[in-house]
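Given chain E's structure and the hints, the job is docking chain U onto it.
Top line first, the protein sequences correspond to chains E and U.
Once you know that position 65 of the first sequence is 65 in this note's numbering, the rest is easy, because the numbers rise by one and skip nothing.
To convert, take the position in the second sequence, counting from 1, and add 1000; that gives this note's numbering.
By construction, these hints were calculated from the structure, which means they are not laboratory data.
Treat the hints loosely; a few may be bogus.
As the list claims (entries may be wrong) - So the derived label-pair ranges between C-beta atoms look like this:
| # | chain 1 | residue 1 | chain 2 | residue 2 | range |
| --- | --- | --- | --- | --- | --- |
| 1 | E | 64 | U | 1200 | 54 to 62 angstroms |
| 2 | E | 119 | U | 1649 | 51 to 59 angstroms |
| 3 | E | 117 | U | 1010 | 47 to 55 angstroms |
| 4 | E | 117 | U | 1199 | 42 to 50 angstroms |
| 5 | E | 185 | U | 1660 | 27 to 35 angstroms |
| 6 | U | 1414 | E | 119 | 54 to 62 angstroms |
| 7 | U | 1633 | E | 98 | 36 to 44 angstroms |
For each residue, glycine too, the CB sits at the ideal point set by N, CA and C.
Spelled out from the first residue to the last, the chains are:
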Amino acid sequence: MGHMSFDIAHLLAGGLVLVSFMMIYQDRLHALLNTFTLHALVLTAAVAWQAWTQGADHLYITAAIALIFKAIIIPGALYRIIRRLGIHREVEQVVGTGLTMLAGMGLVALSIVVMLDVTTKATAFAREDLAFALSVVLLGLLMMVTRRNAVSQVVGFMSLENGLILAAAGAKGMPLVVEITVAFSILIAFIVIGVFLFRIRERFDTVDLGALDRFRGEMR
Amino acid sequence: MLEISAAAALGLLLLSLTAAFLGGRGAGPIYALAILPCLVAGGAGLGVLGGAPVGALTLPLGLPWIGAHLRLDSLSAFFLVLIGLGGAAASLYAVGYGRHEEDPARVVPFYPGFLGAMMVVVLADDAFTFLVAWEVMSLLSWALVMAHHRAIEVRAAGYLYLVMAAMGTMALILAFGLLAGTSGDYSFAAIRAAHHSVAASVAIAALVLIGAGSKAGLAPFHLWLPRAHSVAPSHVSALMSGVMTKVAIYAFLRVTFGLIDPLPWWTSPALILIGAGTAVLGIVNANVASETKRILAYSTIENVGVIFTAIGLAQAFAADGLHMAAALALSAALFHAFNHMAFKSLLFMGAGAVLNATGRRDLDGLGGLIHRMPVTAFLMLVGVMAISALPPLNGFASEWMVFQSVLASPALTQLGLQIIVPAAAGLLALAAALAAAAFVRFYGLGFLGRPRSAAAGEAREVDRFMLAAMALLAALCALAGLMPALVLDRLAPVTQALVGGHLPQQLAQPWLTLVPVSAARGSYNPLLVFVFIALAASAAAWVVHRLGTRATRRGPAWDCGFPETSPLTQYGAGSFAQPLRQVLGGTLLAVREEVDMPPPGDARPARHRVIQHDLIWERAYLPVADAVQRVATSANRLQFLSIRRYLALVLASLVSLLVVLSLWG
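With the rest of the complex left out, here is chain E (with noise of 0.2 angstroms):
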């Protein structure tokens, strides 16, 4: 892999983390969408990177099924579903924007360390895909807890899996089927998740989730 290629895809899973850091402090949920979709088309950039510079067609699929599916379907079916529940202002937050990118922080650092740790007899390109893509990951989690509404936390759930897709580009030989696999169960699940937002916002008139444990008869 040559100097100016390696610079290329070291630039776009950096990229994939800076936009996950993005995504933490949207406050707003159109906003959130918008990132999203930037989330999805860095991801495809990169993964299509990877299936240039790697040679490797089938990536290709893998980085149009990243496009058609993260960065229009999903966020189109997003907006429709937050327009149509008269929440796309809302504004929620659960911990503070400073706490939580603190710990993003310290959630990168942790994964750089344990990567670089881990993966000493990988070529260098891998290392960093890998530590970059489980700070994907571990900031998608991040996500999912401290957000409260049943949106964000799909948001979440799909950033953390944009991470997935990255560490499978960046891992050469990965066989298509497997991404393929990974990317329809995340359509599948979006579907489950869609149906039941509206499921709990038909019963609670809300999708905060606070509404859930309230009805379960507890109180947070």
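Using the frame of chain E, we list chain U on its own:
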């Protein structure tokens, strides 16, 4: 031979499926059909003991691409004979006994599979097959214990059994994990070839002692046994006590003598002392228990203790290179296992016959049955004489051999063993004497005297099938007692394979004498003893009749020692146990007796209460159960968190694992 016995085991498992399909109908034919595979498997085992070649076989069952490895060597063959004989007798008995079952659909479908699973356990030649068969055996026997599940004590016994069986299997799984090591090959052939360090061998032996010992009833894992064995249907009790405990002993022998390198000598004192302690503990409890089947179950614990003591002796001798003495001790253990199968099955069947005829299992509700059920009473007499180790029956022969192997212990080189073995032998002698006392009480209260309840007074003799099964086992006791050589000579290939030595051929000795080592060291001639007993008894009878007077005398009518007519004035189960309770009960059972004597002039009755504690239950089992309960209660809170907290838990555990990785990586 292996093919035949594997076919028999599979046939029994299929018979279980058929019975499940029939749902409790056709119990008699199914029990009758179960006899055949038992006999076939027993015959195949005899064939291998008689010199047929050792067979090995891989069946395409179980795990894909690995299959089930089976092997029939001399050790498996001996236990296969035991299962075959015990299973055939119990099945024959069940043809009659099963008719009185109120809910046969809860018994019949599990019964043949239980037999088949025990056969697969002794045939298995890889850890997977062994453990699966072991677990099937445990679960089916649990289902059989739970047959009369409406009674609360049955459910409690079943629950305790299930917990102990799970714990035992867990120990066995760990043991086999250690045995296979990191190679990942779980076939016994690979395990035999592998080398195990001393520490690993001792750990494996300890785990197997827990796993197999809890199934066999070794203290302190014995508490489930008297509860579960006594509430199962009687033919199942006979199988569980007579046969399943032997399968557990097989598992212990298979691993410690067959799969790991010989253990160092210092492991044997633990085995000897645990065995001897178990024997005493079991038989003391049998002496104070008041239900027939519970007494028998406690006596099973005693016999298992005797067998494990003999196995410990064999291990001590083998570690010291004394192959002849080791063969003697191991032969004694195996012979006693065989004998216990015969007389314990017989006794449980007899207790079942009594239960069937009277509906009572408490000794205080029986009595006088020798008049109402003469055949059962005679067969039971043979059984209690055998288990009390009275010559010329088989119990004496095997216990005599156990003590003969104790007498070989001065040849041991370790001072510790030289001290411990005689002490353990003292415990065994105490257990043997207490066993005789327990069975005098059992037989005297159950069959002699006057009926203590209306049910006992109206008992009727049981049917032919049950009597035939008991008669066969009684004949087996007599045969193995009079001609022990028949059994001992079959044991030679087993001891040769396990400890590298065997007893001289006994059938070649003149006049059926038993000479285990040499005539100078001790010999026993059951035929001579039998002739002597017969002569002495007939001479005494002749003298009494000859010298007794026939002249008519006049006197007050003798009231047979009962001035009151109530049968309650007879000795009862509690009163018979009282002296022993006084002597041993204070420390061993924590018994307290309270007498509440009303002052003169007060009309209320005086009361005598016995308060008995089970120290092992209270000090060892209940604290563990309480701790589990506390942990479970506090962990219960985890079930009611919000979604975000669950996610936070996931994140926290992931991050902490990553931190651990980065610190250690």
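So, going through the hints one by one against the coordinates:
Look at residue 64/E against residue 1200/U: about 55 angstroms separates their beta carbons, and that is inside 54 to 62 angstroms. Checking the proposed 51 to 59 angstroms range against residue 119/E and residue 1649/U shows it is violated: the Cβ atoms sit about 27 angstroms from each other. In this structure, residue 117/E and residue 1010/U meet the distance hint of 47 to 55 angstroms, their C-beta atoms being roughly 54 angstroms apart. Checked against the hint of 42 to 50 angstroms, the C-beta distance between residue 117/E and residue 1199/U comes to roughly 32 angstroms, which is inconsistent with it.
In this structure the supplied range 27 to 35 angstroms holds for residue 185/E paired with residue 1660/U, their Cβ-Cβ distance being about 29 angstroms. Between residue 1414/U and residue 119/E the beta carbon distance is about 55 angstroms. The supplied range of 54 to 62 angstroms therefore holds. Under the hint 36 to 44 angstroms, the C-beta atoms of residue 1633/U and residue 98/E, about 39 angstroms apart, fit the expected range.
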